[in-house]
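Peer 1: In case you want the letters, here they are:
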Amino acid sequence: MAIMVKTDICVGCGACVSQCPFGAIDMKGEFAAIGDKCTLCGTCVDVCPVSAIEITAEPKAAQADDITAYKGVWVFAEQRGGAVAPVSFELLGEGRRLADKLGVQLSAVIFGTGIEPGIKSLIEAGADKVYVYEDALLNEFHEDAYADALTELIREYKPEAVLVGATSIGRAFTPMVAWRIRTGLTADCTSLDIDTEKRQLQQTRPAFGGNIMATILCPDNRPQMSTVRPGVMKRLAADPSRTGEVVRKKPAKPLTSRTRLHNVIEVAGHSINISEAEIIVSGGRGMGSDKGFALLKELAEVLGGVVGASRAAVDNGWMPYPHQIGQTGRTVCPKIYFACGISGAIQHLAGMQSSDLIIAINKDASAPIFNVADFGIVGDVYEVLPQIIKQVKEARG
Amino acid sequence: MNIAVCVKQVPDASEVKIDPQTNTMKREGVPAILNPFDTYAVEEAISIKEKVGGKVTAVTMGPPQAVEMLKLCVSMGVDDATLLSDRAFAGADTWATSYTLGLGIKKLDKVDLIICGKQAIDGDTAQVGPGIAENLGLPFVAYVRKVLDITDTTLTVERLIEDGYEVVEVSLPAVITVVKEINTPRLPSLKGKMRAKSLEVKPLSAADLGAIPENIGLAGSPTKVFKVFSPPVKGQREFIEGEPAEQASKLVAKLHELRVL
Ligand SMILES: Cc1cc2nc3c(=O)[nH]c(=O)nc-3n(C[C@H](O)[C@H](O)[C@H](O)COP(=O)(O)OP(=O)(O)OC[C@H]3O[C@@H](n4cnc5c(N)ncnc54)[C@H](O)[C@@H]3O)c2cc1C
Ligand SMILES: Nc1ncnc2c1ncn2[C@@H]1O[C@H](COP(=O)(O)O)[C@@H](O)[C@H]1O
Numbered sequence: 001m002a003i004m005v006k007t008d009i010c011v012g013c014g015a016c017v018s019q020c021p022f023g024a025i026d027m028k029g030e031f032a033a034i035g036d037k038c039t040l041c042g043t044c045v046d047v048c049p050v051s052a053i054e055i056t057a058e059p060k061a062a063q064a065d066d067i068t069a070y071k072g073v074w075v076f077a078e079q080r081g082g083a084v085a086p087v088s089f090e091l092l093g094e095g096r097r098l099a100d101k102l103g104v105q106l107s108a109v110i111f112g113t114g115i116e117p118g119i120k121s122l123i124e125a126g127a128d129k130v131y132v133y134e135d136a137l138l139n140e141f142h143e144d145a146y147a148d149a150l151t152e153l154i155r156e157y158k159p160e161a162v163l164v165g166a167t168s169i170g171r172a173f174t175p176m177v178a179w180r181i182r183t184g185l186t187a188d189c190t191s192l193d194i195d196t197e198k199r200q201l202q203q204t205r206p207a208f209g210g211n212i213m214a215t216i217l218c219p220d221n222r223p224q225m226s227t228v229r230p231g232v233m234k235r236l237a238a239d240p241s242r243t244g245e246v247v248r249k250k251p252a253k254p255l256t257s258r259t260r261l262h263n264v265i266e267v268a269g270h271s272i273n274i275s276e277a278e279i280i281v282s283g284g285r286g287m288g289s290d291k292g293f294a295l296l297k298e299l300a301e302v303l304g305g306v307v308g309a310s311r312a313a314v315d316n317g318w319m320p321y322p323h324q325i326g327q328t329g330r331t332v333c334p335k336i337y338f339a340c341g342i343s344g345a346i347q348h349l350a351g352m353q354s355s356d357l358i359i360a361i362n363k364d365a366s367a368p369i370f371n372v373a374d375f376g377i378v379g380d381v382y383e384v385l386p387q388i389i390k391q392v393k394e395a396r397g
Numbered sequence: 001m002n003i004a005v006c007v008k009q010v011p012d013a014s015e016v017k018i019d020p021q022t023n024t025m026k027r028e029g030v031p032a033i034l035n036p037f038d039t040y041a042v043e044e045a046i047s048i049k050e051k052v053g054g055k056v057t058a059v060t061m062g063p064p065q066a067v068e069m070l071k072l073c074v075s076m077g078v079d080d081a082t083l084l085s086d087r088a089f090a091g092a093d094t095w096a097t098s099y100t101l102g103l104g105i106k107k108l109d110k111v112d113l114i115i116c117g118k119q120a121i122d123g124d125t126a127q128v129g130p131g132i133a134e135n136l137g138l139p140f141v142a143y144v145r146k147v148l149d150i151t152d153t154t155l156t157v158e159r160l161i162e163d164g165y166e167v168v169e170v171s172l173p174a175v176i177t178v179v180k181e182i183n184t185p186r187l188p189s190l191k192g193k194m195r196a197k198s199l200e201v202k203p204l205s206a207a208d209l210g211a212i213p214e215n216i217g218l219a220g221s222p223t224k225v226f227k228v229f230s231p232p233v234k235g236q237r238e239f240i241e242g243e244p245a246e247q248a249s250k251l252v253a254k255l256h257e258l259r260v261l
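Going down the list, the protein sequences come from chains D and C.
Residue numbering for the first sequence follows my numbering, starting at 1 and increasing by one per position.
Residue numbering for the second sequence follows my numbering, starting at 1 and increasing by one per position.
None of these hints come from the bench; they were simulated from the model.
Keep in mind that the hints are not guaranteed to be accurate.
The calculated lysine-lysine pairs, modelled on BS3-like cross-linking and capped at a C-alpha distance of 30 angstroms, are [as the list claims (entries may be wrong)]:
(1) C:Lys193 x C:Lys49
(2) D:Lys390 x C:Lys254
(3) C:Lys197 x D:Lys37
(4) D:Lys158 x C:Lys224
(5) C:Lys254 x D:Lys234
(6) D:Lys291 x C:Lys250
(7) D:Lys291 x D:Lys363
Computed far set for chain D versus chain C, every beta-carbon distance over 12 angstroms [unchecked claim]:
(8) Val50
(9) Gly103
(10) Gly112
(11) Glu143
(12) Glu152
(13) Glu245
(14) Pro251
(15) Ala294
(16) Lys297
(17) Pro320
(18) Asp356
(19) Ile361
Note that the structure is a prediction, hence the values are computed from the model and not measured.
Glycine included, each C-beta is placed from N, C-alpha and C at the ideal position.
Hey, can you work out the whole structure from these sequences and the hints?
Peer 2: Right, dumping it as structure tokens:
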């Protein structure tokens with residue numbers, strides 16, 4: 001047990017009870033008492049006005065290496081069929097900023113063969129160096145082979161920070177790498193910063209479905225690893241005059257995997273990846289039918305966006321599951337999110353509330369979706385949407 | 001086929017309310033539930049067992065009251081339950097959690113398949129499943145949406161990717177994580193509830209597991225929570241009034257102003 005309330009100092013004010021993110025503190029008589037739900041997050045230590053709560057020092061999660069040997073910022077560039085995922089360019093923009101703050105190089109890592117244009121685009125997007133791990137197996141995604149390749153590169157070249165897009169692929173294999181290297185990995189970050197003095201990456205992410213934010217550090221292990229949500233970081237304008245070094249690496253013997261890919265099936269009408277869309281037009285039960293969704297598709301089309309759905313709409317069969325947004329669906333962070341006929345249940349908000357701009361259309365003015373909306377329109381979707389479609393078309397000429 | 005299913009007790013998000021004044025979560029009296037994603041893992045484990053025979057064990061690391069959740073799993077049809085519980089596990093990040101759960105699973109009879117939920121709704125990390133796989137040295141497949149075929153030595157599944165899905169075959173033993181789409185979890189049966197009632201779960205401590213102290217709990221966690229805070233309050237909330245045509249034109253004008261169109 002590493003946390004304690006000093007009852008000689010505690011004044012029983014209860015500040016810690018109301019602030020504990022895990023509801024782990026109760027008043028026992030005159031003093032605060034910390035129960036089993038405690039995760040040692042330290043919030044209570046900060047809020048206690050009289051410094052009565054203490055977390056005692058613990059042995060450190062040891063890593064055999066000398067952590068000062070780790071230098072430089074890396075971005076994992078995810079590619080499928082030779083095309084680099086948009087999130088990788090966003091991370092190069094952010095990685096550039098962090099590397100400049102630390103005064104180190106920014107490198108990109110890319111896997112596979114026949115990806116020369118991709119390599120060039122990474123340098124244009126801000127990388128000083130590109131590590132190319134050339135092995136044909138990596139043209140397909142295999143959790144273990146991807147983990148093998150990235151682990152090998154990290155062990156050899158020792159970066160201090162590694163950023164990976166929080167895509168299906170990134171979130172599947174990066175935890176395996178962190179496990180092997182015995183380092184920390186923070187999932188699905190939405191903002192990053194650097195403490196330049198301690199060279200610590202401050203990784204901020206939503207938890208509890210976006211109801212609280214947590215800033216996570218990895219003080220004693222390297223590299224500091226994060227997966228980063230698509231759509232939140234800004235890419236740099238491509239600069240074709242930039243130059244960079246390319247380091248090619250081949251495995252001693254071709255990589256193998258214990259998984260075998262039989263088939264890749266693209267879901268029809270879903271060629272645009274919803275987690276990376278800039279504009280999402282979502283509908284819920286209030287859309288009433290397939291016909292309602294036809295309106296949403298039309299609006300998405302004129303705006304150059306994609307269609308999303310609440311669980312109620314998916315359960316009704318109006319949209320397939322990959323379009324579901326929320327706690328049990330996808331988490332998205334587009335520039336504009338339209339919520340049409342969606343009430344704004346907490347599970348839905350969990351998947352979309354960090355969008356840049358939220359526009360809600362609902363006939364019930366008290367619907368909770370309006371609490372997170374930047375612009376609210378109280379009205380019937382069947383009356384409002386056709387007008388918006390018409391006017392956007394006119395504005396576009 | 002011996003199947004282990006990893007389940008976690010989490011606060012019920014649908015009971016979590018936000019205080020509009022302070023924009024903080026109100027947590028008083030929020031009940032603890034079985035992580036929604038893990039209900040799909042439990043269902044899948046039971047239905048695989050029903051097809052090919054074998055035994056399903058639910059495994060959790062958590063406080064003593066997590067027994068209630070294990071009993072729920074048993075009432076759904078899980079055969080046995082393991083609780084890993086020790087004050088020394090507190091403060092575990094995903095690394096230390098994967099380490100501890102791996103030790104718990106090693107205590108079971110030879111396991112052929114380990115099923116986890118896609119993610120736990122309190123931390124939303126989705127890192128424990130792959131962590132367990134590495135800890136046990138097993139292959140891993142993420143985001144399984146359908147089990148197509150299972151033999152003694154292989155499992156063939158459909159797994160979600162960004163723009164569709166892949167059909168993947170993996171050798172067993174293996175670890176998979178499952179998404180909501182995979183099934184509809186069954187409700188507890190009467191017979192199951194009776195069994196759950198009489199089930200005794202003896203918690204395993206760090207010492208029982210032979211855990212290395214530097215690898216568990218806060219001490220074993222490379223990541224540290226630096227601060228926790230409420231998300232910044234959303235900017236200008238604004239209702240757009242008028243007839244539909246007027247609302248639409250005001251909205252389009254605003255989007256132009258913001259240069260987002
Ligand atoms: C464990 C768990 C996980 C969940 N995960 C998710 C998830 O991932 N994603 C998700 O979305 N939900 C999820 N849910 C479900 C969630 O709780 C809600 O039930 C769901 O989001 C409701 O969908 P809705 O807003 O479309 O429907 P409703 O709540 O029924 O809202 C419909 C809205 O449409 C409005 N409306 C009706 N007609 C019109 C009209 N003509 N014009 C304008 N407005 C109209 C109504 O006023 C109402 O506000 C989950 C629930 C649980 C328990
Ligand atoms: N303490 C725990 N006990 C048992 N299983 C867990 C625990 N934490 C996480 N898991 C499993 O790992 C999955 C992913 O959790 P997470 O990485 O925390 O999002 C969950 O759906 C569970 O199946």
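Peer 1: Run the structure past the numbered hints and jot down the numbers of the failing ones, going up.
Peer 2: Of the numbered hints given earlier, those the structure breaks are 11, 17, 18 and 19, listed in rising order.
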